[in-house]
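Please put together the full structure from these sequences, using the hints given.
Anchor point for the sequence shown: position 371 equals 1149 in this note's numbering, and the numbering is continuous, going up by one each time.
The set of hints was computed from the structure by calculation and includes no laboratory data. Backbone N, C-alpha and C define an ideal beta-carbon position, used for all residues, glycine too. Among the hints, erroneous ones may be present.
Unchecked claim - Below, computed lysine to any residue pairings styled on SDA-like, alpha-carbon distance capped at 20 Å:
1. K1140 / K1088
2. K1088 / I1218
3. K1088 / K919
4. K1010 / E998
5. K869 / Y1005
6. K1088 / V1199
7. K1088 / R785
Stated by the list, open to error - Quick list of simulated restraints, FRET-style, between CB atoms:
8. T899 / F1213: 36 to 42 Å
9. G1000 / E1195: 51 to 57 Å
10. K1222 / A1178: 22 to 28 Å
11. K869 / K1222: 27 to 33 Å
12. D909 / R785: 35 to 41 Å
13. E790 / I1124: 40 to 46 Å
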Amino acid sequence: MAKTSYRINMCEGSILPKVLLFSVPLMISSILQLLFNAADVIVVGQFAGSQSLAAVSSTGSLVNLIINLFMGLSIGANVMTARYMGAGNNKDVYETVHTSIFVAAIGGVALALFGFFAAGTLLSWMDTPADVLPLSSLYLKIYFLGMPASMLYNFGSSILRAQGDTKRPLYYLSLAGVLNVIMNLFFVIVMKLDVAGVALATIISQYVSATLVMICLIHESGSLRLYPKQLKIYKDKFLDIAKIGLPAGIQGTVFSLSNVVIQSSVNSFGSIVMAGNGAAANIEGFVYSAMNAFYQACLTFTGQNYGANKLERINRILLVCQICVIVVGVVMGFGCYFGGRVLLGIYSTDAAVIDAGMIRLKYVCLTYALCGIMDVFVGSLRGLGYSVMPMIVSLLGACALRLVWIATIFQAVHTLENLYVSYPISWIITSSVHFICFIIIRIKIGKKMKYQAA
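Structure, rendered in structure tokens:
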């Protein structure tokens, strides 16, 4: 049995305090994880110049495009582990844990090899400007060598979250985050390694956090305990994980593809706008990470309660998580916009870069709560075992719409404002359809449970 101090009983008692107990450490963890890249961008922007800043900041959408398929599988691991824990099926939990970590290790190595050798070609396809391409390629090659650690950390953390443990991943990331900042400053300022230095700092920190999570699982008690020599793929568990995770990964990959297209459109405005866009996107990332904690809470709480056949709590879980995500999205989104010039000044002192960044903050940060609402609906649907439906809705309502927008309206009026406004429009449409889907699925599951009980 896991230590009670790290577990949350998600199937009984008041929901709001437990959602907050789960979400706040996860929120801080996600923000710390973002600091890995933010520290890269800030240090390189202040001590290496705008070209290096553009080189580092322009790689984010491409990295997400490549890794999101495997990250989707970590969502499947979380949902299935939570469901089996809620149902009290310890053998299924054990097999899910060992399948998940094996997939993470193999997937991480595959991503490292692919990313290292394909970095330059992929950046060229994105129309990365010639003056930025060599630095971007160098940063990306080194960054991808950290993929095994990134995969192991994220899969391991998703397993711990299934029992409500968001504290220990926070502790591990705190240590790795401090180490990352120290090494950033040393490699860039003292060693003069430029973008290579910040990439090295990031991957070393990732390996530290991944090692700590693996040690945690190896020493965990009960069905979550990891036995490295017993790692293998249990076919039925892998299929269960893939059923939830692959649609989530495909959705994330195609979302990233649309962001790559948007990044390519941003690139057409030159390196100054690229730098401003990258800095603003990093600031928005903190808002998104805070909101995403409630997506994860909805996903995990719904999964456990569905496994325990406590359907009456699922509607309340969704409502609580929606209220929380709206409050966080509005407060942080507006705060980042109105404090935008100060925040952007952390990344660059160039007035033109700050002006470009403020345009993005206006259209994205002020409406970011809409994105949170959309994601929480998706979390509830996936927690109930439905992953293909939200994938299709998201791909059509968000990704396809953005791509059509760029190919038509943006081409007609070629401005940054017209590019960025595609974000809130897509969030409104997609959230509305997700809400309708949740109502339909919830009624369907309720009828199914009543029929089985009869």
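Which hint numbers does the structure go against, in order from smallest to largest?
Hints 1, 3, 6, 12 not satisfied by this model.
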